[in-house]
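S.K.: Based on the hints, put chain B in the right spot on chain A.
Protein chains: 2
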Amino acid sequence: MASSPITMMKMKLNNCSPPSTAAAARFLPLLGPHQIRFRSSLALFHNPSFPRTIITRSTFSSSSIITAAMASEASVKVIDGKKVAKDVRDEINAEITRMKDSIGVVPGLAVILVGDRKDSATYVRNKKKACETAGIKSYEVCLPENSTEEEVLKYISDFNDDPMVHGILVQLPLPSHMDEEKILHAVCIEKDVDGFHPLNIGQLAMRGREPLFVPCTPKGCIELLHRYNVEIKGKKAVVIGRSNIVGMPAALLLQREDATVSIVHSRTKNPEEITRQADIIIAAVGKPNMVRGSWIKPGAVIIDVGINPVEDATNPRGYRLVGDVCYEEAIKVASAITPVPGGVGPMTIAMLLSNTLLSAKRINNFK
Amino acid sequence: MASSPITMMKMKLNNCSPPSTAAAARFLPLLGPHQIRFRSSLALFHNPSFPRTIITRSTFSSSSIITAAMASEASVKVIDGKKVAKDVRDEINAEITRMKDSIGVVPGLAVILVGDRKDSATYVRNKKKACETAGIKSYEVCLPENSTEEEVLKYISDFNDDPMVHGILVQLPLPSHMDEEKILHAVCIEKDVDGFHPLNIGQLAMRGREPLFVPCTPKGCIELLHRYNVEIKGKKAVVIGRSNIVGMPAALLLQREDATVSIVHSRTKNPEEITRQADIIIAAVGKPNMVRGSWIKPGAVIIDVGINPVEDATNPRGYRLVGDVCYEEAIKVASAITPVPGGVGPMTIAMLLSNTLLSAKRINNFK
Numbered sequence: 001m002a003s004s005p006i007t008m009m010k011m012k013l014n015n016c017s018p019p020s021t022a023a024a025a026r027f028l029p030l031l032g033p034h035q036i037r038f039r040s041s042l043a044l045f046h047n048p049s050f051p052r053t054i055i056t057r058s059t060f061s062s063s064s065i066i067t068a069a070m071a072s073e074a075s076v077k078v079i080d081g082k083k084v085a086k087d088v089r090d091e092i093n094a095e096i097t098r099m100k101d102s103i104g105v106v107p108g109l110a111v112i113l114v115g116d117r118k119d120s121a122t123y124v125r126n127k128k129k130a131c132e133t134a135g136i137k138s139y140e141v142c143l144p145e146n147s148t149e150e151e152v153l154k155y156i157s158d159f160n161d162d163p164m165v166h167g168i169l170v171q172l173p174l175p176s177h178m179d180e181e182k183i184l185h186a187v188c189i190e191k192d193v194d195g196f197h198p199l200n201i202g203q204l205a206m207r208g209r210e211p212l213f214v215p216c217t218p219k220g221c222i223e224l225l226h227r228y229n230v231e232i233k234g235k236k237a238v239v240i241g242r243s244n245i246v247g248m249p250a251a252l253l254l255q256r257e258d259a260t261v262s263i264v265h266s267r268t269k270n271p272e273e274i275t276r277q278a279d280i281i282i283a284a285v286g287k288p289n290m291v292r293g294s295w296i297k298p299g300a301v302i303i304d305v306g307i308n309p310v311e312d313a314t315n316p317r318g319y320r321l322v323g324d325v326c327y328e329e330a331i332k333v334a335s336a337i338t339p340v341p342g343g344v345g346p347m348t349i350a351m352l353l354s355n356t357l358l359s360a361k362r363i364n365n366f367k
Numbered sequence: 001m002a003s004s005p006i007t008m009m010k011m012k013l014n015n016c017s018p019p020s021t022a023a024a025a026r027f028l029p030l031l032g033p034h035q036i037r038f039r040s041s042l043a044l045f046h047n048p049s050f051p052r053t054i055i056t057r058s059t060f061s062s063s064s065i066i067t068a069a070m071a072s073e074a075s076v077k078v079i080d081g082k083k084v085a086k087d088v089r090d091e092i093n094a095e096i097t098r099m100k101d102s103i104g105v106v107p108g109l110a111v112i113l114v115g116d117r118k119d120s121a122t123y124v125r126n127k128k129k130a131c132e133t134a135g136i137k138s139y140e141v142c143l144p145e146n147s148t149e150e151e152v153l154k155y156i157s158d159f160n161d162d163p164m165v166h167g168i169l170v171q172l173p174l175p176s177h178m179d180e181e182k183i184l185h186a187v188c189i190e191k192d193v194d195g196f197h198p199l200n201i202g203q204l205a206m207r208g209r210e211p212l213f214v215p216c217t218p219k220g221c222i223e224l225l226h227r228y229n230v231e232i233k234g235k236k237a238v239v240i241g242r243s244n245i246v247g248m249p250a251a252l253l254l255q256r257e258d259a260t261v262s263i264v265h266s267r268t269k270n271p272e273e274i275t276r277q278a279d280i281i282i283a284a285v286g287k288p289n290m291v292r293g294s295w296i297k298p299g300a301v302i303i304d305v306g307i308n309p310v311e312d313a314t315n316p317r318g319y320r321l322v323g324d325v326c327y328e329e330a331i332k333v334a335s336a337i338t339p340v341p342g343g344v345g346p347m348t349i350a351m352l353l354s355n356t357l358l359s360a361k362r363i364n365n366f367k
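If you read the sequences in order, they're chains A and B. Each step along the first sequence adds one to the number in this note's numbering, with nothing skipped, and position 131 is 131. Each step along the second sequence adds one to the number in this note's numbering, with nothing skipped, and position 120 is 120.
Just chain A, same shape as in the assembly:
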């Protein structure tokens, strides 16, 4: 999660409105582990197993179960990333309390920020806040734009050796005079909570191997599918975009779950035709409203990773955020969709916390 899928692309407003205007759409009920029946005729929502969770103890509230029981097919539409992220953070919080009480260890996450990019500072602030809320101790280093590579490497080396730190995150992008690859590789693999190290990616790609960490945003996408009990095995999945931080690892994750995966990218000649075959679409391309209603097979499940600011004179900030999927069109065709904002976005930080907890547990051999 060292960089963000946000593309500062601007465009004219089209007929796709943000989620807030799609007032009729109701939130898709979460499936809790205690729920034994789920009434839904949606083709993809028939996995009888309980949703897999990233940590073992679950704090699903009974209210979500009640909601599920009342849900009708027409209302099953919006995948509530905010809610899931909160559930995940609550679960992490409970696990951290258990670990602290049991062995006295508190997970620690170190974030290194170089330069004064406003967006990077915001991300780091949000991460810090989320850490505090979850009970993770955060260590923050802010270095000036003109710092040397050696200075950054020295901090990484210190954090590598620090037993209080279980995850190290270098906020990207780094200033242009620094070798990003060299700096990221300096983070020891056991603390690479971003999961961007090629060794991690290789293990993600290989059958029979387990990565130490799964990159946060794609992990969040899959977690949303799990929490909403979307069956992945044997389904056709299309990933739009092949970035190292989202598209590519998302495709590898879907394949690990036995989906039949196709990857659509800028060189794909007929993206619409290929996407229209998908039962599950993960869009991570950074182009506002690129995926139109006509691209979507009726009943498909859509995870929209894009967070694109587009001009909007009616908004006090002068812009609003939209996804890579034309939401207003998609919601008429898909069986479920993540809104932007409030879909994948909140999951990314939740997964960072999850990876940090995982690291602390592994380093301390705490089950």
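Derived from the structure by calculation, the hints contain no laboratory data. A hint or two may mislead.
Reference listing, derived: stretches of chain B covered by chain A, where coverage requires no fewer than 3 residues with Cβ under 8 angstroms from a Cβ of chain A [what the hints assert, rightly or not]:
hint: 1; stretch: 82 to 93
hint: 2; stretch: 192 to 199
hint: 3; stretch: 238 to 244
hint: 4; stretch: 250 to 258
No farther apart than 16 angstroms at their CA atoms in a straight line, the calculated lysine to aspartate or glutamate pairs in the EDC-like style are these [claimed, not checked]:
hint: 5; chain 1: A; residue 1: Lys129; chain 2: A; residue 2: Glu145
hint: 6; chain 1: A; residue 1: Lys269; chain 2: B; residue 2: Glu210
hint: 7; chain 1: B; residue 1: Lys361; chain 2: B; residue 2: Glu231
hint: 8; chain 1: B; residue 1: Lys269; chain 2: A; residue 2: Glu257
hint: 9; chain 1: B; residue 1: Lys287; chain 2: B; residue 2: Glu311
hint: 10; chain 1: B; residue 1: Lys118; chain 2: B; residue 2: Glu145
hint: 11; chain 1: A; residue 1: Lys129; chain 2: A; residue 2: Asp101
hint: 12; chain 1: B; residue 1: Lys233; chain 2: B; residue 2: Glu257
hint: 13; chain 1: B; residue 1: Lys297; chain 2: B; residue 2: Glu273
hint: 14; chain 1: B; residue 1: Lys269; chain 2: A; residue 2: Asp258
hint: 15; chain 1: A; residue 1: Lys269; chain 2: B; residue 2: Glu231
hint: 16; chain 1: A; residue 1: Lys233; chain 2: A; residue 2: Asp258
hint: 17; chain 1: A; residue 1: Lys182; chain 2: A; residue 2: Glu150
hint: 18; chain 1: A; residue 1: Lys367; chain 2: A; residue 2: Asp101
hint: 19; chain 1: A; residue 1: Lys182; chain 2: B; residue 2: Glu145
hint: 20; chain 1: B; residue 1: Lys182; chain 2: A; residue 2: Glu210
hint: 21; chain 1: B; residue 1: Lys129; chain 2: B; residue 2: Asp90
hint: 22; chain 1: A; residue 1: Lys118; chain 2: A; residue 2: Asp158
hint: 23; chain 1: A; residue 1: Lys269; chain 2: B; residue 2: Asp119
hint: 24; chain 1: B; residue 1: Lys269; chain 2: A; residue 2: Glu210
hint: 25; chain 1: A; residue 1: Lys297; chain 2: A; residue 2: Glu329
hint: 26; chain 1: A; residue 1: Lys154; chain 2: A; residue 2: Asp119
hint: 27; chain 1: A; residue 1: Lys154; chain 2: A; residue 2: Glu132
hint: 28; chain 1: B; residue 1: Lys297; chain 2: B; residue 2: Glu311
Heads up, the beta-carbon is just placed ideally off N, CA and C, and yes, glycines get one too.
M.R.: Leaving out everything else, chain B in the frame of chain A:
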């Protein structure tokens, strides 16, 4: 190339005959770097660039150019892996001579064989022979079945330190009492000519990164496409099979070349329908004749990695080798296809030699 795609599966004869019986099929002409025009109306064969080669000097003979000029569309069918592999080996041989004359270095490949599996012994013997022919010095260690892990690790460690050795290959499978992953990881990444280390695979998956080595069989598949000037960029490619040694890295390689890639596997519900959309098919599943004519889009290019022995009472050995693709049906539909044997098979060892040369050049900083 530590293990082979051969599956010792047996089946009854079906109506698919081996390449030798498809007498009408003629060999697809190779494209040489000096050829300036290539008459072909095949949709996929219109890449105007010269074929990329794995080493810079080319020894394409003028005869292949003449063949190309004479080729008619109807005859453009069989991709001659034997011929390409010979060309590659000749090119490697020339490069080795140049390096030896220039800096006095001869590439060295160490092969470790544990146990007395007959097939493994055959592979090792073939590799040794190919090394000798190409001018690569081979070092062979044969250990008894009941050797310890420590003994194997000691040999690997010695080869890691030996400046005469530029590639180390542990023949798989290892005896069951050994930890394959541990042993393979002991090979230093700079000498992992198999390219199976997760770090290599990770770098293969990531955009903007370069693996030190590409696994031999998938590298051979792509090399065949290049040598026959098959355009990959923007084409739909389907890889059947997702093994760590062929299918998965083949999919990553095709994606690096800007194909739109779909991966079909045992959990895919409609493999025929998906495969039929492909301009390029790489079949690496180990099931004799699985891909039938009806699975193939007219004009598709097929790389058949399978080498499956099937019962054949008419054959003195009692069996014959067939691919994953029903050759006799496929050749009526495809624009080009690799035969089995004589297609991908010979390329695998050629690519091992290529990787060993690459390693020797890199270690000695020889351009």
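S.K.: Of all the hints numbered above, which does this structure not satisfy? Sort the numbers upward.
M.R.: Per hint list: 1, 5, 6, 7, 11, 19, 22, 23, 24, 26, 27 and 28 violated.
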